[in-house]
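Visitor: In case you want the letters, here they are:
There are 2 protein chains.
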Amino acid sequence: MSKVYAVGIGPGGEEFFTQEAKAALERADVIAGYTVYVDLVRDMFPGKEFFTTPMKQEIERCRWAIETACSGKTVAVVCSGDAGVYGMAGLMIELADQYDDVEIEVVAGVTAANSGAAVLGAPLGHDFCLISLSDLLTPWELIEKRLHCASEADFAICLYNPRSKKRADYLQKACNIMMEHKSPDTICGWVKNIGREGQEYNIVKLSELENEPVDMFTTVFIGSATTKVIAGRMVTPRGYEKHEDSYFRGNI
Amino acid sequence: MSKVYAVGIGPGGEEFFTQEAKAALERADVIAGYTVYVDLVRDMFPGKEFFTTPMKQEIERCRWAIETACSGKTVAVVCSGDAGVYGMAGLMIELADQYDDVEIEVVAGVTAANSGAAVLGAPLGHDFCLISLSDLLTPWELIEKRLHCASEADFAICLYNPRSKKRADYLQKACNIMMEHKSPDTICGWVKNIGREGQEYNIVKLSELENEPVDMFTTVFIGSATTKVIAGRMVTPRGYEKHEDSYFRGNI
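Chain order of the listed sequences is F and R.
With the first letter of the first sequence counted as 1, position 128 gets the number 123 in our numbering; the numbers rise by one all the way through.
With the first letter of the second sequence counted as 1, position 197 gets the number 192 in our numbering; the numbers rise by one all the way through.
Some clues are possibly wrong.
Just so you know, same-sequence chains aren't split out, so a pair can sit in one copy or run between any two.
To be verified - Below, in silico cross-link-like pairs of lysine-lysine (DSSO-like), each with a Cα-Cα straight-line distance of 30 Å or less: (1) 160 - 200; (2) 43 - 17; (3) 68 - 160; (4) 161 - 51; (5) 223 - 51; (6) 223 - 68; (7) 200 - -2; (8) 223 - -2; (9) 168 - -2; (10) 200 - 43; (11) 140 - 200; (12) 168 - 140; (13) 51 - 200; (14) 161 - 68; (15) 140 - 223; (16) 51 - 168; (17) 17 - -2; (18) 17 - 51; (19) -2 - 161.
Calculated from the structure, these hints are not laboratory results.
Assemble the whole structure, with the sequences as input and the hints as a guide.
Guide: Below you can see the structure in the form of structure tokens.
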């Protein structure tokens, strides 16, 4: 049985790799992935063979990885963040089913929702939704429906792919939908280039979000009604503070 | 400025630690946390001082950590999964605001949604929601509202704290709500003791989920309408397969 690893490497730097991800890449003969992500790991794994494809060639990339594994090499496909969150893991399992004797092992990583949240504070400390604003593979109507329902139920919301050159007004459209249900004063935040050179972030109100310098390397966080700013950080409380009397058992 | 680290350690074993989490715990003089989680790391960090409190003493634990940091020690509070997802990060930021010159550094980790998903396949490969079924700190009515809206918008849903002895029927209640909007044939999965001794999982239909041996150490996954079982694994497709013609640029 040949094996291909679908490896989530977190936001970029080596410090965000799990030991499991590092071990999988060390075991691999070939590391494949989107050019930008392979470039993040190239220097960490000298002596490996690398195979890169640009964006929109995900199927080609995953087929190549599976066929290369079938020919006897150990292959790892790297994904930024987690391999299972808008990553290659699902596609690899689907494609592997068309071949004999190849198995996909998914190695989880820290997705941008969590690594970005750590930069801002704790914006996802209670129930939350992840929504991608990219309509390349998803009908825009379904994205709108999810924005409506997530806002109506007062979830904190984390947006992936919030804006690109071709989709310059999608974040604005999303903000307008969310403001049908959430207050324009809802606390929001964004983090650009999480854990990489040029990391930037800001905390603003929902009404201000559409004017922020958000791009496709940015992850956006919209709070729930309970989200607040504490000492310059964005926090969605779990609810402990309401229970301090019953929780607190005396000084130590 | 004193510093306290809020460290997500992933599901348990050392292989799931990020390098950043390991480094933070190595830098700490004292490692504090819920007894169960501290026991997971005790052997990895010999020579450290440990401070544990049982469940429901989160405020006490975090205050102790902050006050100990103010007295000059480096303190790390460990959380399973990610420190910001139903973890201690938010509470620590709130409490630290009551003290002078103490800062909370959040170190992200792999939350059970992602580590459990890797065991099952790729159940969270498209938009999803995280909902905790614990009503200890959240009104049950809000949990119900979120289950309704998440199901109505056909999100994949990941449930934390799906069942406990005191809340034996909560998963059943949640399944009934979800089946008002989702087909009873919707693909679901669960993983118990993720990455720890005794890891177990199963893939079933939504109508069968309430009868599965789900407990408080289990993470539950409910698919979207597109979720399927492929070679015994649970996959929520991103949507690439619909675009094979336009994506696939020829054989290599």
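Visitor: Now, for every hint given, state plainly whether the structure supports it.
Guide: To see whether the hints hold, each was checked on the structure:
no.	hint	result
1	160 - 200	within (23 Å within a copy, 41 Å between copies)
2	43 - 17	both (13 Å within a copy, 26 Å between copies)
3	68 - 160	neither (39 Å within a copy, 48 Å between copies)
4	161 - 51	within (15 Å within a copy, 49 Å between copies)
5	223 - 51	between (38 Å within a copy, 23 Å between copies)
6	223 - 68	between (51 Å within a copy, 29 Å between copies)
7	200 - -2	between (47 Å within a copy, 28 Å between copies)
8	223 - -2	between (46 Å within a copy, 21 Å between copies)
9	168 - -2	neither (43 Å within a copy, 40 Å between copies)
10	200 - 43	neither (46 Å within a copy, 42 Å between copies)
11	140 - 200	both (22 Å within a copy, 25 Å between copies)
12	168 - 140	both (12 Å within a copy, 24 Å between copies)
13	51 - 200	neither (34 Å within a copy, 33 Å between copies)
14	161 - 68	neither (39 Å within a copy, 51 Å between copies)
15	140 - 223	both (26 Å within a copy, 22 Å between copies)
16	51 - 168	within (25 Å within a copy, 42 Å between copies)
17	17 - -2	both (16 Å within a copy, 28 Å between copies)
18	17 - 51	within (26 Å within a copy, 36 Å between copies)
19	-2 - 161	neither (37 Å within a copy, 43 Å between copies)
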